[in-house]
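With the hints as a guide, bring the two chains together.
Protein chains in written order, with my numbering: chain G, 1 to 249; chain Z, 1 to 227.
Because the hints were derived from the structure by calculation, they are not lab data. Please note that a few of the clues may not be correct.
Unchecked claim - Just some of the chain Z residues that point at chain G, by a computed CB distance under 10 Å:
id : residue
1  : 8
2  : 12
3  : 79
4  : 82
5  : 94
Unchecked claim - A few chain Z residues that don't get close to chain G, going by computed Cβ distances all over 10 Å:
id : residue
6  : 30
7  : 42
8  : 113
9  : 127
10 : 131
11 : 134
12 : 137
13 : 141
14 : 168
15 : 169
16 : 174
17 : 188
18 : 194
19 : 197
20 : 208
Even glycine gets a Cβ: it sits at the ideal position worked out from N, Cα and C.
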Amino acid sequence: MVIRSAQSNSRMLANHMGYLQLYVSGPFDALKPAGMNHSMDDSSRIEGVGLAISRNDRYIFTDLNFSLEAGQILQVEGHNGSGKTTMLRILCGLTLPSEGEVQWRGENIRKNLAEYCAQLAYVGHAPGIKGELTPLENLDFAKTMDRPRKDADAEKVLERLQLPAFCDDVPCHNLSAGQRRRVALGRLLMLDARLWVLDEPFTALDPGGRKLVEELLSEHAQAGGMAVLTTHHVVNLEGCSVRQLQLGT
Amino acid sequence: MNEASPGAAFISVLRRDLMLAYRHRAQILNPLLFFVIVVSLFPLGLDPEPELLHTIAPGVIWVAALLAAMLSLDNMFRSDFDDGSLEQLLLTPHPLPLLVLAKIVAHWLTSGLPLLVLAPVLGMLLNLGNESLFSLLATLALGTPVLSLIGSIGVALTVGLRGGGVLLSLLILPLFIPVLIFAANAVGNAGAGLDITGQLAFLGSLLALASALAPLATAAALRISLN
Numbered sequence: 001m002v003i004r005s006a007q008s009n010s011r012m013l014a015n016h017m018g019y020l021q022l023y024v025s026g027p028f029d030a031l032k033p034a035g036m037n038h039s040m041d042d043s044s045r046i047e048g049v050g051l052a053i054s055r056n057d058r059y060i061f062t063d064l065n066f067s068l069e070a071g072q073i074l075q076v077e078g079h080n081g082s083g084k085t086t087m088l089r090i091l092c093g094l095t096l097p098s099e100g101e102v103q104w105r106g107e108n109i110r111k112n113l114a115e116y117c118a119q120l121a122y123v124g125h126a127p128g129i130k131g132e133l134t135p136l137e138n139l140d141f142a143k144t145m146d147r148p149r150k151d152a153d154a155e156k157v158l159e160r161l162q163l164p165a166f167c168d169d170v171p172c173h174n175l176s177a178g179q180r181r182r183v184a185l186g187r188l189l190m191l192d193a194r195l196w197v198l199d200e201p202f203t204a205l206d207p208g209g210r211k212l213v214e215e216l217l218s219e220h221a222q223a224g225g226m227a228v229l230t231t232h233h234v235v236n237l238e239g240c241s242v243r244q245l246q247l248g249t
Numbered sequence: 001m002n003e004a005s006p007g008a009a010f011i012s013v014l015r016r017d018l019m020l021a022y023r024h025r026a027q028i029l030n031p032l033l034f035f036v037i038v039v040s041l042f043p044l045g046l047d048p049e050p051e052l053l054h055t056i057a058p059g060v061i062w063v064a065a066l067l068a069a070m071l072s073l074d075n076m077f078r079s080d081f082d083d084g085s086l087e088q089l090l091l092t093p094h095p096l097p098l099l100v101l102a103k104i105v106a107h108w109l110t111s112g113l114p115l116l117v118l119a120p121v122l123g124m125l126l127n128l129g130n131e132s133l134f135s136l137l138a139t140l141a142l143g144t145p146v147l148s149l150i151g152s153i154g155v156a157l158t159v160g161l162r163g164g165g166v167l168l169s170l171l172i173l174p175l176f177i178p179v180l181i182f183a184a185n186a187v188g189n190a191g192a193g194l195d196i197t198g199q200l201a202f203l204g205s206l207l208a209l210a211s212a213l214a215p216l217a218t219a220a221a222l223r224i225s226l227n
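Next comes chain Z alone, as it looks inside the complex (with noise of 0.2 Å):
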């Protein structure tokens, strides 16, 4: 038996996922192009105040980055359905909830990191002090993962679905709220000088739980997806 290792397994589909990602580097940009027109739309529709800018800040941030964790989403799994390569995922004899994680992982390192670099820019731009610039980039780092675990067990719901896309955004949106709230509160209290430990431990929390269920869900949802 010269079986892979799972380990092995789990390195292979990351590196394979990159790399179709970096050959595919429209698909990966969209999203992001999206966050910084949609961030950087709000300081021309709005009076212009620094003081109105600093305040709606956190929410637009991260309003936007969540929308655009939806639009890249839908990729996850949808080429990989339409070619038949899912199919030849789920008959490998190593653990699928596994696999799921390296591509989800893939996934949040070309559409959540991307984030992370792009958000102290357009930060600066609404007029977000060091501190919010800090926490910012703290609750991207610890919630954007989020974003991508539970997104990925809506798609893999999806996935075998003409007109999934509105029934994706429905089900995961609502899974987005509890992110959204601590985040953003996170980053207005940061502002006002206040304390975000809290916050931060429950986004941790909820980056934990997630990175422990989602895939194993996911796995399953594909798996009824494909039957």
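Only chain G is shown next, with the shape it has when bound in the complex (with noise of 0.2 Å):
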């Protein structure tokens, strides 16, 4: 973990350092999504530009700068407390970077936060979804929220979910952690979002679950979505362009 004073030079320590380095895996780097059947056009991209966020006086990572297109999928790595999911709460505009910016189609996010939360969809650490609620009740207030999906249909979501359905009508808070993290991830098939923010998508989740976000992931960068999560998990995507994103090194 690489902690600097705030009163350092931030930019010129990075330089130095080298300690965030952006990484692209080789072997699919060819390999472009295939079909875009989202209706969206190519200018859709995310940027940060010289991130860095300090807490108590110190910085957790300074002079980030990453940037990712449709179709492609950023994996955020780091050791416990390197600002993983500070990064994540960052691009979703929750948290203010103490420097630099995050940029949606080259403008920054403040500029018109509704206009970018209508392209997002954020699975946090907490899963976001009411204890008392069922899973199709909390997945329905979901889509009344935000920018539902044309075919948007939360029993359909469950089931592709896998989640048995008799836990349908049962609400969320006696579901296991497993199941509540498959309800939240509903979400992310509910809503017609551009950008997917996870935050360690694999928690709580058997192989099976796992393979599945896999394959939502892949069909979300296939389909021209953008994807941006951290794991400590190896993701097998297949077909997609993934970027590797090393924090705290």
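Spelled out as structure tokens, the structure:
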């Protein structure tokens, strides 16, 4: 973990230490997404420009630059406390970076946050579902709050996520952690979001669930979507352009 | 674009919060029971002279209503904060003050409105006359929404803190004082046969002011708390 005092010149340090590196994985690079069936234009692009965040007068990371285009997936890696979750929250516009900005289609996301939020689906550490409501009620609520897919149907989504049928009408606090995670991921299939931001999406999922999430990510990328995720698992995303971003090396 | 309209989102949040409150009935009952018990303890603790009870009734009922509102406030954003629903609310394309207003309305419907139903019964217990009962209802109808509105700012500011409850009382109770003064004074004056239009006008203007500004302040406070 590289932590620098807030007073030090972050940019110079980053140049000298080179502790933030952007790798692009080779073998998948040439593979472009197959069919772009979303009604999307190619200008979709998310960029982090000179991002830095400090907590308690210490920088967690500085001079973080990355860019992601339609059909690409960015996997953020780093040890515990290297700022992965913070970076995703900055990307969503929840946390203000100490320096730098996030740009969507070349414009700071703060300029038109509502427009950006309509393009975004976020599944964080906390699942964002209500324990007192059933999976169906939770997904229907998510649908009314954002821009839903044309064919969004909560029951079909839960079926796709392999949630047992009897769970549909059980309050979510009676479900297992993995089942709740599946309900939370169901939001991705309900919303017509271009950019998925997923914080540890594989947590609490069984191998079947992990494979399912990989499938969803592949489909999303091949349809011209983008995803940013943090995970300690090795993800197997065939036919996708996967970039890796290493934090705090 | 088949995006849900802000109005539909408002109704959706309101409906969800009412449904959650209904499934968590004990949480709503707690402040109401507190209200009833505190008010009904006064005749037991003091001299049960009808004259004395009549004098203290406006103050007692209003102070109890204020404390009951404080009790219920902490739940406004707490569970949403804990389970991540608040983050999701911030990430919708709809104006946050509007969604916050829906939550405040739901809070008032489940905590303020029941006080209006209970208050006349407790008023009779404390020997309030018809005139006073009417003014008590009028002040509660105008005053309790102000409590929910102003309270929401404090809750939004303290929701991310551990042990924010103490801070919440310190932040919010001083702001409740104008409501308490005008409301208790109005009920007292009505009992003495005096005109209370002035006090009601003040409460009404406080309500107008709070409903216009509190959702904006609460939305800003939530963004800060979740930063």
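Verification of the supplied hints:
no.	hint	result
1	8	holds, 6 Å
2	12	holds, 4 Å
3	79	holds, 8 Å
4	82	holds, 7 Å
5	94	holds, 7 Å
6	30	holds, 16 Å
7	42	holds, 36 Å
8	113	holds, 21 Å
9	127	holds, 42 Å
10	131	holds, 43 Å
11	134	holds, 38 Å
12	137	holds, 32 Å
13	141	holds, 29 Å
14	168	holds, 22 Å
15	169	holds, 27 Å
16	174	holds, 30 Å
17	188	holds, 42 Å
18	194	holds, 48 Å
19	197	holds, 43 Å
20	208	holds, 27 Å
Violated hints for the displayed structure: none, as all numbered hints are satisfied.
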